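A.B. asks: What follows is the residue order along each chain.
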Amino acid sequence: MATTSISVAETPLVLYALRRADDALILGHRLSEWIGRAPMLEEEMALANIGLDLIGQARALYAFAAEQEKAGHGEDHYAYLRDAPQYRNLLMAELPNGDFAHTIARQFLYAAFADPYWRAMMGCAEPTLAAIAAKAEKEIAYHLRHAADWLVRLGDGTDESQRRAQDAVDALWPYTGEMFEADESERMLIAEGRAVDPAAIRPAWEATVARVLAEATLTQPGGPWMQSGGRSGRHTEHLGHLLAEFQHLQRTYPGATW
Amino acid sequence: MTEATPTIPIWEVFIRSRNGLAHRHVGSLHAADAAMALQAARDIYTRRGEGLSIWVVPSAAIVASDPADRAMLFEPTADKIYRHPTFYEVPEEVGHM
Amino acid sequence: MYTQALNARETAPAQPEDADKLARFQARVDAEERIEPNDWMPAAYRRTLIRQISQHAHSEIVGMLPEGNWITRAPTLRRKAALLAKVQDEGGHGLYLYAAAETLGVSREELVDALLAGKAKYSSIFNYPTLTWADIGAIGWLVDGAAIMNQIPLCRCSYGPYARAMVRVCKEESFHQRQGYEIMLTLCRGTAEQKAMAQDALNRWWWPCLMMFGPPDGQSQHGDQSTAWKIKRFSNDELRQKFVDATVPQAHYLGLTLPDPALRFDEASGHWEYGAIDWDEFRQVLAGNGPCNRERLAARRKAHADGAWVREAALAHAAKRRAREAKQAA
Numbered sequence: 001m002a003t004t005s006i007s008v009a010e011t012p013l014v015l016y017a018l019r020r021a022d023d024a025l026i027l028g029h030r031l032s033e034w035i036g037r038a039p040m041l042e043e044e045m046a047l048a049n050i051g052l053d054l055i056g057q058a059r060a061l062y063a064f065a066a067e068q069e070k071a072g073h074g075e076d077h078y079a080y081l082r083d084a085p086q087y088r089n090l091l092m093a094e095l096p097n098g099d100f101a102h103t104i105a106r107q108f109l110y111a112a113f114a115d116p117y118w119r120a121m122m123g124c125a126e127p128t129l130a131a132i133a134a135k136a137e138k139e140i141a142y143h144l145r146h147a148a149d150w151l152v153r154l155g156d157g158t159d160e161s162q163r164r165a166q167d168a169v170d171a172l173w174p175y176t177g178e179m180f181e182a183d184e185s186e187r188m189l190i191a192e193g194r195a196v197d198p199a200a201i202r203p204a205w206e207a208t209v210a211r212v213l214a215e216a217t218l219t220q221p222g223g224p225w226m227q228s229g230g231r232s233g234r235h236t237e238h239l240g241h242l243l244a245e246f247q248h249l250q251r252t253y254p255g256a257t258w
Numbered sequence: 259m260t261e262a263t264p265t266i267p268i269w270e271v272f273i274r275s276r277n278g279l280a281h282r283h284v285g286s287l288h289a290a291d292a293a294m295a296l297q298a299a300r301d302i303y304t305r306r307g308e309g310l311s312i313w314v315v316p317s318a319a320i321v322a323s324d325p326a327d328r329a330m331l332f333e334p335t336a337d338k339i340y341r342h343p344t345f346y347e348v349p350e351e352v353g354h355m
Numbered sequence: 356m357y358t359q360a361l362n363a364r365e366t367a368p369a370q371p372e373d374a375d376k377l378a379r380f381q382a383r384v385d386a387e388e389r390i391e392p393n394d395w396m397p398a399a400y401r402r403t404l405i406r407q408i409s410q411h412a413h414s415e416i417v418g419m420l421p422e423g424n425w426i427t428r429a430p431t432l433r434r435k436a437a438l439l440a441k442v443q444d445e446g447g448h449g450l451y452l453y454a455a456a457e458t459l460g461v462s463r464e465e466l467v468d469a470l471l472a473g474k475a476k477y478s479s480i481f482n483y484p485t486l487t488w489a490d491i492g493a494i495g496w497l498v499d500g501a502a503i504m505n506q507i508p509l510c511r512c513s514y515g516p517y518a519r520a521m522v523r524v525c526k527e528e529s530f531h532q533r534q535g536y537e538i539m540l541t542l543c544r545g546t547a548e549q550k551a552m553a554q555d556a557l558n559r560w561w562w563p564c565l566m567m568f569g570p571p572d573g574q575s576q577h578g579d580q581s582t583a584w585k586i587k588r589f590s591n592d593e594l595r596q597k598f599v600d601a602t603v604p605q606a607h608y609l610g611l612t613l614p615d616p617a618l619r620f621d622e623a624s625g626h627w628e629y630g631a632i633d634w635d636e637f638r639q640v641l642a643g644n645g646p647c648n649r650e651r652l653a654a655r656r657k658a659h660a661d662g663a664w665v666r667e668a669a670l671a672h673a674a675k676r677r678a679r680e681a682k683q684a685a
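Residue numbers (this note's numbering), protein chains in the order written: chain A, 1 to 258; chain B, 259 to 355; chain C, 356 to 685.
It is possible that part of the hints are untrue.
[Stated by the list, open to error] Here are the simulated distance ranges between beta carbons:
(1) A/P254 - C/E537: 48 to 54 Å
(2) A/A191 - C/Q683: 48 to 54 Å
(3) A/G240 - B/L310: 43 to 49 Å
The set of hints was computed from the structure by calculation and includes no laboratory data.
Fair warning: this is a prediction, and the values are worked out from it, not measured in the lab.
Backbone N, C-alpha and C fix where the C-beta goes; we use that ideal spot for every residue, glycine too.
Construct the complete structure from the given sequences, taking the supplied hints into account.
C.D. replies: Rendered as structure tokens:
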């Protein structure tokens, strides 16, 4: 007998928090899959650190969502008892890790957005979110540096590493547009100063991306078509598999304490 | 693995802790260049809030005294006790000096 | 300092060594002085340390695999973060230990190559599978518990870099065992299914953990010289007995039974007497026939092979950078 999923009352702040929490959780989970597989020991440590930072951010954001929702839910309800259509993360986060270039490129593209985004959120009108942002910003700044430095080394390394890095950036590019979306629910928060308009982050993101790709001797992909849907629960085929593994124990042993 | 494969160099890591004044040697790691070495040092050796400052130095750059010279280098200091304050007597009435 | 250039490699290990030098070395060890990387040391001392430290390092790295198996399925976010941090620590421990071994004139690459070629040993315990979440609890409680028994005395071993690495490891290890025991406690206080899960894990991990301490003292190859050189501070049986004495009451507190019908408390000695260990199983596992030996090595080989292009890229970039800087300086 499995446990049924919870229902979430997605008022604007709850929805906002779940979106960012899910980003962090799914990305952190993907990074944790590198344990035992990294190219060298030093990178095992680095990827685990990034994963732990992101899981920590997710937990803080779920706690905020729980506070706002007031439905007696906790971080584990959100993480373990929502099915894929209820998840609100960016599609980019749930994509399989691929090779090291793919993982690094994804981390870079995400962090290049998240760093200025959280920095801007430090000044938002919602005190808890501002505090979460202050902590997250320091962590993401490091993720950005680490991923950017690696992308440069891969892009400007060997022929093989350059090919892999370019393939990764090309494959991920169509998933970057989603980071700048803001729907009606979020627009309300933005108008109230409780959230930052992600579109406003675009210039900073573009500048960072252009600079690092150039240094990495990589070509910036073109093409306007962007994948979308994660923010409203329309995901790729990958999320279902990820959650099946992730949620297995809680679903199989309903109500148990772990 | 062939002999010709270049290996990733070793770096020695020194950390200055929150309350400490000097960088202490904490261990070593492998990294291809200085930027990566600094980041690796941060990820490996400061996970429990141990540090405020990191130095990384290529192992090959370190010059160490030869243990065989230990006697010659360090024992002659033992009998120069006049370098220590306790060698000198100052009457108590004078106060702390 | 650990100047690689001064760490002389063993060129003629077969030559008899100066009896005088050997005596002075032994005197230093007897006086609890630390031996440091560039000090004179008997060739056999260097060889033994390289073997012991590298086996220890390999164990940490291979040990990441059975526990890493459950990170993606950890049942709460708190457990997930704790397990990820624990496994990360183990990677770090491997790293500190390879670094300590490298001070003896061997490279991490050589040591890893030996492991991947199946020529190097690592602790037998990591050749067992993690079948349930309770295994994660059992590993933290029992395997880390056994490791701590072994590691604390090593903090005072005669070789400086190894001793210092052990101090760091022990500091970090203290949460590992508590994490595991807390998992077991939660399971034992949980549903009937969870308690059964915990009992099943204990049943499967108990004997392999006792085997971790190595063969009985009479049979161990390396004992006497290692003890004289203060590389090994307690015998296998001594440590094994300490472990049993500490752990049996912990199991009883959980309400679990140990899978040893011969287990009984001896009032006279104050020790828990335990039944016969199946040393055949131990030998088979060491010989490569344990449940997971092939998978563990295959996983490490794959990770290493998959990462080759990354390591090459890092080196290539560093070389390009140096060339550019040289050009600019010219």
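A.B. asks: For each hint given before, does the structure comply? Return the numbers of the non-compliant ones in rising order.
C.D. replies: 1
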